[in-house]
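Student: Residue numbers (this note's numbering): 4 to 256.
Please keep in mind that the hints were generated in silico from the structure rather than gathered at the bench. The C-beta atom is built at its ideal place from N, Cα and C for all residues, glycine as well. Wrong hints could be hidden among the right ones.
[Said to hold, decoys possible] Just the calculated beta-carbon pair ranges, DEER-fashion:
hint	residue 1	residue 2	range
1	G232	Q62	22 to 30 Å
2	K237	A164	21 to 29 Å
3	G58	A79	38 to 46 Å
4	L221	S44	37 to 45 Å
5	G70	A252	18 to 26 Å
6	A86	R65	36 to 44 Å
7	A10	H38	44 to 52 Å
8	E74	Q45	33 to 41 Å
9	G196	P41	38 to 46 Å
10	E40	T73	37 to 45 Å
11	P71	A252	41 to 49 Å
12	R240	S44	33 to 41 Å
[As the list claims (entries may be wrong)] Below 27 Å or equal to it, Euclidean Cα-Cα: the simulated BS3-like pairs (lysine-lysine) are:
hint	residue 1	residue 2
13	K160	K239
14	K54	K255
15	K239	K122
16	K54	K160
17	K239	K12
18	K160	K237
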Amino acid sequence: MENQVRAFKAIISSDWSECLSPSGPFDFIAFNHPHLEPELSQVFRQYTGNKITLGEAGQKIRSLLPGPVTEAMMDAYLDRSFATYPGVAELIEWCLAHGILFMINTTAMIGYFQRVFAKGLLPRVSVLSANPLIRFAASGTDPGDVYELNETRDKGKNTAAVVQHFAIPAGRIVVVGDSGGDGPHFEWAERAGAFIIGSMTKHSLSSYCRERDIPIRLRFGVSYGEGAGRDVEKEKRFDFMDLVEPLQAILKR
Numbered sequence: 004m005e006n007q008v009r010a011f012k013a014i015i016s017s018d019w020s021e022c023l024s025p026s027g028p029f030d031f032i033a034f035n036h037p038h039l040e041p042e043l044s045q046v047f048r049q050y051t052g053n054k055i056t057l058g059e060a061g062q063k064i065r066s067l068l069p070g071p072v073t074e075a076m077m078d079a080y081l082d083r084s085f086a087t088y089p090g091v092a093e094l095i096e097w098c099l100a101h102g103i104l105f106m107i108n109t110t111a112m113i114g115y116f117q118r119v120f121a122k123g124l125l126p127r128v129s130v131l132s133a134n135p136l137i138r139f140a141a142s143g144t145d146p147g148d149v150y151e152l153n154e155t156r157d158k159g160k161n162t163a164a165v166v167q168h169f170a171i172p173a174g175r176i177v178v179v180g181d182s183g184g185d186g187p188h189f190e191w192a193e194r195a196g197a198f199i200i201g202s203m204t205k206h207s208l209s210s211y212c213r214e215r216d217i218p219i220r221l222r223f224g225v226s227y228g229e230g231a232g233r234d235v236e237k238e239k240r241f242d243f244m245d246l247v248e249p250l251q252a253i254l255k256r
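All chains, please: the whole structure from these sequences, using the hints.
Tutor: Put into structure tokens, the structure is as follows:
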């Protein structure tokens, strides 16, 4: 691991799509191939609702793609549409300045983040765990450590590997997610004694946790009931730097 020379006192392992960013993991495909948007949305809803596996979703995406996704295609999407919720970049910077490892742990594509960091759109995180379905040649701007995430259950496995490598105690682990696809990560977090945060929490995640007696310790942003549609404008009113105070309290325990 490239990061092995640095010590971290805590870790935040967070999902990305509709959790730190209003975008979805397949938006760059829909941008370049607009006619695929309905099918891409359906696949996203299926695996985040735990109706199909991430592996099955990947197979469907491969069958839909008319050709390879190039760096130029990804850059065109990012130049037009890259977005985070307010304060996300600043929160990552705050974590880096305070010895907290910020790990993006997501079903979004490795290639998406390679271009995000290459273009300087986000502070470079120490560890990335993401889907290898779209991945470009390695670059000096890539995160120090990159884990492949092929199924949603890999989120917990990859967080556990990083926690073990850096010898981070359970009381200093924070896991963040938004949908039912984060359910297995939350399940691992509960077993590991981590602090669980729901961000823009969907009913699919609330239901997953309720059925398994997994407590969501803190809810940030909008929490959605069953059948509720997303209110992206309302989501954008929340500033992620408002998490600094609760994180300080959590990590002092």
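Student: Each of the hints needs a verdict: does it hold here or not?
Tutor: Evaluated hints:
| no. | hint | verdict |
| --- | --- | --- |
| 1 | G232 / Q62: 22 to 30 Å | 28 Å, holds |
| 2 | K237 / A164: 21 to 29 Å | 36 Å, violated |
| 3 | G58 / A79: 38 to 46 Å | 28 Å, violated |
| 4 | L221 / S44: 37 to 45 Å | 29 Å, violated |
| 5 | G70 / A252: 18 to 26 Å | 50 Å, violated |
| 6 | A86 / R65: 36 to 44 Å | 26 Å, violated |
| 7 | A10 / H38: 44 to 52 Å | 49 Å, holds |
| 8 | E74 / Q45: 33 to 41 Å | 27 Å, violated |
| 9 | G196 / P41: 38 to 46 Å | 42 Å, holds |
| 10 | E40 / T73: 37 to 45 Å | 19 Å, violated |
| 11 | P71 / A252: 41 to 49 Å | 47 Å, holds |
| 12 | R240 / S44: 33 to 41 Å | 24 Å, violated |
| 13 | K160 / K239 | 31 Å, violated |
| 14 | K54 / K255 | 38 Å, violated |
| 15 | K239 / K122 | 23 Å, holds |
| 16 | K54 / K160 | 21 Å, holds |
| 17 | K239 / K12 | 30 Å, violated |
| 18 | K160 / K237 | 33 Å, violated |
This entry does not satisfy hints 2, 3, 4, 5, 6, 8, 10, 12, 13, 14, 17 and 18, going by the numbered hints stated previously.
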